[in-house]
Amino acid sequence: MEASSPDSALLARLLQGDETAFSELVDRYGGSLFRLARTFVPSRAVADEVVQEAWVAIIAGLPTFERRSSLRTWIFRIVANRAKTRGVRERRGVPFSAFETEGGEPAVDPSRFKQNDRWGTPPKRWDADTPEKILSRREAMACLETAMKQLPMSQRVVVTLRDVEGLTPEEVCSVLEISETNQRVLLHRARSKLRAALEEYVDGA
Amino acid sequence: MLSCKELTEILTEYMEGSMPFSQRAALRFHLMMCEHCRAYVRQTKMTMKALGKLPVEPMPDPVKEELLRHYRKTLGAPRRCNEQ
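Protein chains in written order, with the working numbering: chain A, 20 to 224; chain B, 117 to 200.
Computed Cβ-Cβ distance ranges for the label pairs, DEER-style:
(1) B:Met149 with A:Ser27: 45 to 51 Å
(2) A:Glu164 with B:Met117: 34 to 40 Å
(3) A:Thr149 with B:Asp177: 36 to 42 Å
(4) A:Arg87 with B:Glu181: 27 to 33 Å
(5) A:Pro82 with B:Arg185: 14 to 20 Å
(6) A:Lys143 with B:Met148: 19 to 25 Å
(7) A:Arg137 with B:Asp177: 54 to 60 Å
(8) A:Ala64 with B:Asp177: 14 to 20 Å
Over the 10 Å line for every Cβ pair with chain B, so calculated as not near, a few chain A residues:
(9) Arg86
(10) Arg96
(11) Asn100
(12) Arg105
(13) Met172
Far from chain A, some chain B residues (derived; all Cβ distances over 12 Å):
(14) Phe137
(15) Ala142
(16) Arg144
It should be emphasised that the hints constitute simulated quantities derived from the structure, not laboratory data.
Glycine included, each C-beta is placed from N, C-alpha and C at the ideal position.
So here's chain A without its partners, still in its complex pose (with noise of 0.2 Å):
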């Protein structure tokens, strides 16, 4: 719960009617609400709708927030309601059951493994430079993005969470009221497929 302590001095201003916290609010969060949102609706502009409505909704509840989970939290489920319920309605072809994890999917293209299930074609040892090389090449980091919308869209939203940004798997499955197995299946598949993509990448480069 260490991301909640600088949340509830900044709550207890909020509620006071401060507006410099409530600016605050906006640019710690701002930003991560459309990203989440967009992670679930087909378009930006549905995605800025969602949020619009979101923070409507925040502003109006904060005097009702009854602590039971941190602010962070709260609010991201505030978005990822909103959002899956207008991403299912903007859709229509997404079921209800996205967020279950039936059928398997391989974490690596079987072809790889050789019949005793070890490695056929490994996984190249990258250089110890590579990381920072990725992080600094643009088209590394479009890559990764592009490969993020073509997952499907609930790995994509428990990834987005999770690795982009930084939320524990409690605090996960609390936003999108989900069990704690279907969030690791979830982002099991979604880090595999991730890290494909960005292989594939470093591996052409």
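For chain A, the structure is supplied; the task is to place chain B on it using the hints.
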């Protein structure tokens, strides 16, 4: 003995710390022996790190202004009495 393929399937469970001790020990042992899986784990960690660096777009100023007005109207002056 844990295979490489199995390792790639249970890596997240391992990293989440939600794995029984014996399986955890088997995975660590496999990693000690297998440089390919070490490379795989490193790539995975690198991917996670890169995801944490994806740029975020700040909220556009006009939108922020509008929200601030709404906040002022709802919770702002005249200052409310606070129970605490």
